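Q: Given the coordinates of chain B, work out where chain V should sit on it, guided by the hints.
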Amino acid sequence: MQFANLTLGWMLSLAQSRLGVGPLVQSKLDATTAAPTPHTAFTLPPLDYSYAALEPHFDEETMRIHHTKHHQTYITNLNAALQGTPFVGLHIDDLVARLSEVPAELSGKVRNQGGGHANHSFFWKNLTPNATALAEGSPLHKGIEQAFGSFEVFQQTFEKAATSVFGSGWAWLVVQEDGELKVVTTLNQFSPLMGAGVVGKGVAGFPVIGLDVWEHAYYLKYRNVRPEYIKAYWHVVNWDFASDRYMEARSSIAHPEL
Amino acid sequence: MSTSMLRNNIALRAALRTAAPQATKAFSTTAPTRALATLPDLPYDYGALEPAISGRIMELHHTKHHQTYVTNYNTVQSQITDALSAGDTAAAIALQPALTFHGGGNLNHTLFFENLAPKNQGGGQPPSGPLAKSIETHYGSFEKMKTQFVAALAGIQGSGWAWLVQDNETGALGIRQYANQDPVVGKFSPLLGIDAWEHAYYLQYENRKAEYFKEIWGVINWKVAEARMK
Numbered sequence: 045m046q047f048a049n050l051t052l053g054w055m056l057s058l059a060q061s062r063l064g065v066g067p068l069v070q071s072k073l074d075a076t077t078a079a080p081t082p083h084t085a086f087t088l089p090p091l092d093y094s095y096a097a098l099e100p101h102f103d104e105e106t107m108r109i110h111h112t113k114h115h116q117t118y119i120t121n122l123n124a125a126l127q128g129t130p131f132v133g134l135h136i137d138d139l140v141a142r143l144s145e146v147p148a149e150l151s152g153k154v155r156n157q158g159g160g161h162a163n164h165s166f167f168w169k170n171l172t173p174n175a176t177a178l179a180e181g182s183p184l185h186k187g188i189e190q191a192f193g194s195f196e197v198f199q200q201t202f203e204k205a206a207t208s209v210f211g212s213g214w215a216w217l218v219v220q221e222d223g224e225l226k227v228v229t230t231l232n233q234f235s236p237l238m239g240a241g242v243v244g245k246g247v248a249g250f251p252v253i254g255l256d257v258w259e260h261a262y263y264l265k266y267r268n269v270r271p272e273y274i275k276a277y278w279h280v281v282n283w284d285f286a287s288d289r290y291m292e293a294r295s296s297i298a299h300p301e302l
Numbered sequence: 042m043s044t045s046m047l048r049n050n051i052a053l054r055a056a057l058r059t060a061a062p063q064a065t066k067a068f069s070t071t072a073p074t075r076a077l078a079t080l081p082d083l084p085y086d087y088g089a090l091e092p093a094i095s096g097r098i099m100e101l102h103h104t105k106h107h108q109t110y111v112t113n114y115n116t117v118q119s120q121i122t123d124a125l126s127a128g129d130t131a132a133a134i135a136l137q138p139a140l141t142f143h144g145g146g147n148l149n150h151t152l153f154f155e156n157l158a159p160k161n162q163g164g165g166q167p168p169s170g171p172l173a174k175s176i177e178t179h180y181g182s183f184e185k186m187k188t189q190f191v192a193a194l195a196g197i198q199g200s201g202w203a204w205l206v207q208d209n210e211t212g213a214l215g216i217r218q219y220a221n222q223d224p225v226v227g228k229f230s231p232l233l234g235i236d237a238w239e240h241a242y243y244l245q246y247e248n249r250k251a252e253y254f255k256e257i258w259g260v261i262n263w264k265v266a267e268a269r270m271k
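For the record, the sequence lines run as chains B and V. One rule links them: number in the working numbering = place in the first sequence (from 1) + 44. One rule links them: number in the working numbering = place in the second sequence (from 1) + 41.
Okay, chain B solo, but in the shape it has when bound:
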C-alpha cells in the first residue's frame, strides 16, 4: 500500500496504538510507559531487570549510570523545556512523532531531549537477560530473510552500520512505511519515529531493535573498541519484544487508521 503523504499519520497511529495495544503486546510493555495522565511530567521508567542482569555483556556500572544519569537527564531537561506547554502528558513516542508541531524556539531542545527519552525508553525494553534466539519460522525471522537474504547478512549489515556511525548515534532495524525491514542509523538522539520530515524518508520507520553507540553506552567496559560492544549486543537482544514490535507495525500497515 502506498503511504506517500501519510508517513506522519502512520507514525502517529503507531504511536497512538501503543496506548491501547492488543493484549499480546500490552502484556510485554512496561506499565509505566503507557500514557501518563494528562499534565503529568515524564518519569524515568524502571528496567525490567537489575543493573547487573546483563553481565558480562553489558556491565552493571554502565547500566546504572546510563539509566540513572544519562536517561534521567534527558527526562529532566525535557520536562523543563515542556513546562507550561500543551505537550505535557503526551506519550513520548507521540511527542517525537509530532516534532513539527513544537514551536521553533523549543524544537531543538525537544528533539534532543525528547529523542533521548524516547530512544532510551525503547532501548531498555529492547534488552533482556533472558535472550533467546529468534525462532526461524517466526514472522520477523522470515521478514529479515526476505529483506537481507539471510539472518547472518542482516547481522553483518547491522554491525557495519553500528560501527560506522561517525560520532554519537544509534543503529536500528526499522519497519518502513511500505512494511519492509531496513537497517538505518541516526546521529545524536534522532529517532526513526520522528518521521521523514525530520530524519528523511530513508531513515524514518518503526524501530524493531536499536543499539545505542554513544560512547557512554560502552566506554567503561569496552573503551574505544566499539565492535566488541556491538558483538556483545547480540547476547542481550530481546527478540520477543522485537517480534511484537514487528507484528504491531505490520498489522498497522494492514489496517491503517484513516
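One-sided and incomplete, this derived list gives chain V residues near chain B with beta-carbon spacing under 10 Å: (1) Thr-109; (2) Thr-141; (3) His-143; (4) Ser-200; (5) Gly-201; (6) Ala-220; (7) Gln-222; (8) Leu-244; (9) Asn-248.
Bear in mind the hints are in silico, worked out from the structure with no lab data behind them. The structure presented is a predicted model; accordingly, all values stated were derived computationally and were not measured. All C-beta atoms, glycine included, are put in the ideal place defined by N, C-alpha and C.
A: Chain V in isolation, oriented as in the chain B frame:
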C-alpha cells in the same frame, strides 16, 4: 593550513611527515604521492595532567583513539589516491566523509594534545601577550571568554569540539562548536581546542561533563595557542 603555521608547529609537521617512499609503479609518474601520518608523541607524561585529566584517559586517548584516527586516515588516503589515479571521481568523493572524520580526528587530536600542558610546564597560566589583548578586545575579559567557551562546550549535542578560532580575514577571535571530528578549516584557523567527546573524560568524570569543562582550564597551554595566532 598556512605554511607559517606548519613551520612553527613541530608536532603537526611530525604528524604529516612523509614515511619511507612507496614502491613506484611503472605507469604512475603522475600519480599523487601520499604523506603517511604517524602518531606524534606527547610532550609530557600521560599522568602529568592529573588531577584535571587522569593518566588512564591520556594513555587511552593517545594510544587508542588518536592512533586509530592516524591509522584510518592513512587507509582513507590510500583509497582516495587509488580512486583519483583510476579517474574514479565518484569513488573519491564518496570517501569525503571518511576523510573528514579520520583526517579531522588526526588534526584535532594533534592540536589538542599540544594545547595542553602540565602545571609545571605552564599549564593553566593565562595568556599575557597579543592573545591576551585580543581576548580582552573581543570578550571584555579572560573570564568572560572562558564563560562563553564553557557554554559552547556544554551546548554540544552528541560528539564534538569547541575551539577558540581566528578569522583568517579579519583576525577576529571567535568561539565555535564543531560536530564529530569536523576540523577547523576554511574561514577560520584553530587557536585552542577542547575535546568534548565522551571518551575525553568519561572514565574519570562519567556523565559529569560540567566538571571536566571546569577542571581542564588548569592544564591549558596558552603559549601554544598564542603561537598559532597570525
